[in-house]
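So you can see what is in the structure, the chains are spelled out below.
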Amino acid sequence: MQPLSRVTPATVDVLECLLEGAGTATWGLQVIKRSSRPPGTVYPLLDRLERAGWVRSHWEDDDARSGPRRRLYALTADGAEAASRTVAAFGARRAPASAAAPASPRGSGAPA
Amino acid sequence: MTGSPARPAGRLAACVVGVAAMTLPEPVRERHRQEWLADLAGAEGVGVSPSGVAVGALVFSATLNRDAPEVSGMPIGEVARRRARWGIVAIAAGGVFGVGSYVVGGFASAIRPTLAPVELALSLIDTAIHALAITLLLIGVAQLWRAARLASPLATVTAALATVGLACLVAAAFEPALLAPFALTGLVAVVGAAILGFVVMASAPLAGRLPPQPTAPLPNRRAVLCILAATVGLLALVAVGAVDLLVWGPLAQTDGLTLDEVYAGLGAVDRANGIAMIVGWIVIWTLFVVSFAAFASLLQWRGRAVRSRGLFAVALLGGSALLFFQPWAGFSLGMGIADTLPPYAGGISPVGYLLMLVGQASFVGALVLGVAPRRPPRDAVLAASLA
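Note that the protein sequences, when read in sequence, are chains A and B.
Per the working numbering, the very first residue in the first sequence carries number 1; after that it's consecutive.
Per the working numbering, the very first residue in the second sequence carries number 1; after that it's consecutive.
Restraint ranges, calculated between C-beta atoms of paired labels, are given here: (1) A:R6 x B:L124: 44 to 52 Å; (2) B:P8 x A:S66: 20 to 28 Å; (3) A:E81 x B:V188: 49 to 57 Å; (4) B:A183 x A:D78: 54 to 62 Å.
Worth flagging that the hints you see were computed from the coordinates, not collected in a lab.
We treat Cβ as the ideally placed atom computed from N, Cα and C, and that holds for glycine.
I would like the entire structure built from these sequences, with the hints used as guidance.
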């Protein structure tokens with residue numbers, strides 16, 4: 001697994017969504033919905049996380065649903081540890097700023 | 001829930017997603033196409049805008065790192081080499097169009113007045129050629145830098161030298177007062193970049209290449225058709241070039257005289273010498289075309305099957321060479337006209353101008369076929385992407 005060259009608030013939001021899955025795979029569109037980030041931000045982020053080895057993805061195995069298959073994403077074991085550390089570190093950096101100003105919904109790390 | 005959005009907005013979003021997927025490299029295309037279509041189908045159900053998904057697909061395609069092996073399906077070294085070769089082709093093509101325009105001196109100074117719509121069309125083409133030359137140079141330099149970024153520090157030096165050299169050459173064309181120092185510096189830098197670039201490419205390790213892919217030989221019927229098409233095309237260039245030299249060119253060089261008056265006004269020696277040079281050009285290039293057809297047919301007949309790419313590369317190179325020498329073949333007749341039929345109007349005919357552009361385009365076509373990397377076979381790319 002490779003370290004991320006750049007961690008942005010959007011990266012943290014996406015990692016938080018994936019951490020909430022607690023090891024279960026999450027549909028990419030659900031990550032977009034829960035992170036409240038636009039698809040144009042989330043798609044490249046998921047791709048970057050997957051290529052860095054933080055995330056693995058696979059096709060949904062649902063015979064009952066017709067049409068194109070959904071792509072599901074989950075943190076790898078190493079990725080989950082790194083994601084927890086990254087989210088915590090980012091939260092710690094954000095804490096002093098949020099003490100001075102009212103916290104935004106994103107600042108709490110809670111999904112939308 | 002269905003796989004294809006039914007509403008017009010959904011259909012438009014699906015079209016955009018399809019277009020975004022089409023722009024992706026083959027190894028990752030189908031995966032993302034299917035993922036985005038599934039997201040589109042379920043977007044409204046989870047409260048996400050389908051247009052957002054479509055825009056997301058476009059953003060993804062625009063920001064994707066296409067040099068990564070898992071995306072390109074090729075090792076980094078192969079990607080760098082392919083980018084460098086495309087860069088060389090683009091720079092050479094820009095140089096051919098740019099130098100061609102510079103030598104002629106622009107449409108306005110080269111063409112005698114003719115029909116207004118034709119003149120307008122040719123002047124627009126002339127402007128477009130200038131813009132195309134600059135665009136190709138910029139694309140070529142960008143490709144060299146992208147290749148250098150993937151390769152080595154020495155490759156970066158090569159790209160920097162090439163950039164400085166080309167900038168100096170372009171500056172020389174636009175600033176006549178500093179022509180000599182700019183042109184000299186530019187030439188030295190470009191030649192240095194070429195030598196260094198050759199060293200970089202030659203010294204690169206063999207690892208990181210796609211295995212060589214032999215091209216399939218043409219079946220006899222298609223080979224005959226290809227040889228025939230190339231031969232007819234080249235003979236057509238010789239025929240049009242000959243008419244231009246003997247008819248349209250002399251008319252463009254004189255102001256208001258008929259063709260009979262032009263030839264009658266020339267001295268016997270000037271007329272004979274001028275026509276002899278033109279006939280010599282026709283004979284030499286007709287022989288070249290016949291030899292080309294005979295040699296290609298012989299290769300095919302003896303079982304060394306002709307490849308379409310090589311065949312058309314040689315034909316295009318031949319076409320550019322015969323059109324390069326075409327104006328020179330009319331030099332003697334033009335000098336005779338200038339000496340004996342004042343006032344000399346000068347210039348070339350509109351057809352001569354178009355032939356010049358066709359010659360430049362032929363050379364660029366030969367470069368694309370001969371130097372640009374071939375599209376790797378799908379199997380090789382997919383195998384490399386899975387490795």
